[in-house]
Amino acid sequence: MSNDTLTARRAFMSANDAVSYGVRLCRPEVIAAYPITPQTSVVEKLSEFIAGGEMDCQFINVESEHSAMAAVMGAAMMGCRTFTASSSQGLLYMCEMLHYVSGSRFPIVMMNANRTVAAPWNIFGDHRDSLAMRDAGWLQVYVENGQEALDAVIQAYKVAEDPAVRTPVMVCLDGFVLTHTYEVVSIPGQREVDAFLPPFVPGENVLDLANPRSLCISVAPEWQTEFRHQQQEAMAAARRAIAGADGDFAGVFGRRWGGMVEEYRCEDAEYVLMGLGSVMGTTRLVVDKLREEGLKVGLVKVRYFRPFPNEEIAALGRRVKGIGVIDRDVSFGNAGALYTEAKAALYSAGDASPHTVNFIAGLSGRDITKEHLETMYRKVIALTEGKAEREIQFAGLRWEEW
Amino acid sequence: MPKPTVSVFQYPRTREEMPRGPYAKAGVLVEANAGWRVFRPVIQTARCRKCQQCWLLCPDGAIDRTGECYTVDYNFCKGCGLCATECPAKAIAMVKEGAKGE
Ligand code: SF4
Ligand code: SF4
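Chain order of the listed sequences is A and B. Here the first sequence is numbered in the working numbering, starting from 1 and rising by one per residue. Here the second sequence is numbered in the working numbering, starting from 1 and rising by one per residue.
Please keep in mind that the hints were generated in silico from the structure rather than gathered at the bench. Predicted model, so just to flag it, every value in this text is computed and none were measured. We put the beta carbon where it would ideally sit given N, CA and C, even for glycine. Where hints are given, some of them may not hold.
Claimed, not checked - Which residues of chain A face chain B? A partial, calculated answer using Cβ under 7 Å:
| id | residue |
| --- | --- |
| 1 | A8 |
| 2 | I36 |
| 3 | S104 |
| 4 | R105 |
| 5 | P202 |
| 6 | N205 |
| 7 | D208 |
| 8 | L209 |
| 9 | R213 |
| 10 | S214 |
| 11 | L215 |
| 12 | F227 |
With the hints as extra help, turn the sequences into a complete structure.
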């Protein structure tokens, strides 16, 4: 083993570098990738590790994202642990293979640097790329900072490779705000990660000369539904595996991220904002400020978008008066994706269902400021007090008042 | 090249027997598949030089050379005529299905 010398330490690095260290510690055997801003530095760093002999891994340069996913799927068919990364247009180009991998039940882990999709062309962050892949059959986790990115990668392999799950995981990082922002990150030791994440033991869907199998077979209508049902059951198993991995991780490394969702100051909260990814970091500061004013506010960070935390959100709905959902995306003709799903989850709260409003914000890298977030909280409070609010609002729109 | 014999595929009877991820035992042929043929290749063994061209080039692997003479497995030959075109000895005739004498 060439990389068993990595000992635990702290270092100043970008979240992309943190992902690279996380991947390195998980010892993938094959990485295939095609560069795209703002993902590039992840795979650059990994190729440096490999070129420098610090990782024992095959790096395949490919001509497209479609090929990147196809290449790691081929490696997964041989029972290898694999990694790839992409973003935006590249993720869309990979779309066909995302379905192939999940339907074939290969536990591939990929990182997606969240970036908007053209047109208009723009390289900055929002969630329209990965949320467009909502139905690709992958688990999706959204992280708030570089440390969570590193830790989420290690946990992602643990969850993906769980025999009851065997489903790929996409670790989503906000483009630039996370991918290119430096912070102090704790790098776990190789020995501890090896103990947490033993070598991958593939299932039966591997190529084996002693036991020849046809993989990714055609399946007639009479049997497709049973395979689809398996995927749905795997997602149910993933809920348990996510909680288990987070708990086990906390036991070894002392950091816990909350599993499906993280609530902040929600014990007695009446008004909450809900969102995905880095905006939750800023929202914490606003919660603290408004709490000092005596307002009962909290936040709910949705970590996993697939599987979706229906039960957690329904339970929250029975406790609070108003929920504002921040979406860094919009499904034109309806609302943001998180809002649509959160509202559906709240339906089971029945008469106790809280008031809800959707804030479309942070599109294509536009900042979501503390002022915006404070306005959102005040709008949620006003809504619960009977003031009419449009259900779907573009926050910070130039032609509006706020 | 002898093909696997056509056999019945055993479907899973229970949830537990379902493969985890869609895969199947390799080399299982569940049905003969040549119903669309209009012309059938007929090897005139007297002219055959056993050069293997037809065996190598048949896109369906439908030519068998395990016996004394080269023969066509009509269960899988699709009647494309590639073997007849490529045979350097002109030993393969394409005969209309249902024609007299065939
Ligand atoms: S006709 Fe076509 S399919 Fe049939 S044996 Fe010849 S090459 Fe093969
Ligand atoms: S190509 Fe013609 S000569 Fe060659 S083996 Fe086939 S039938 Fe015989």
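Structure-based check of each hint:
| no. | hint | in the structure |
| --- | --- | --- |
| 1 | A8 | violated, 36 Å |
| 2 | I36 | violated, 29 Å |
| 3 | S104 | holds, 5 Å |
| 4 | R105 | holds, 3 Å |
| 5 | P202 | violated, 10 Å |
| 6 | N205 | holds, 4 Å |
| 7 | D208 | violated, 10 Å |
| 8 | L209 | violated, 10 Å |
| 9 | R213 | holds, 5 Å |
| 10 | S214 | holds, 5 Å |
| 11 | L215 | holds, 5 Å |
| 12 | F227 | holds, 5 Å |
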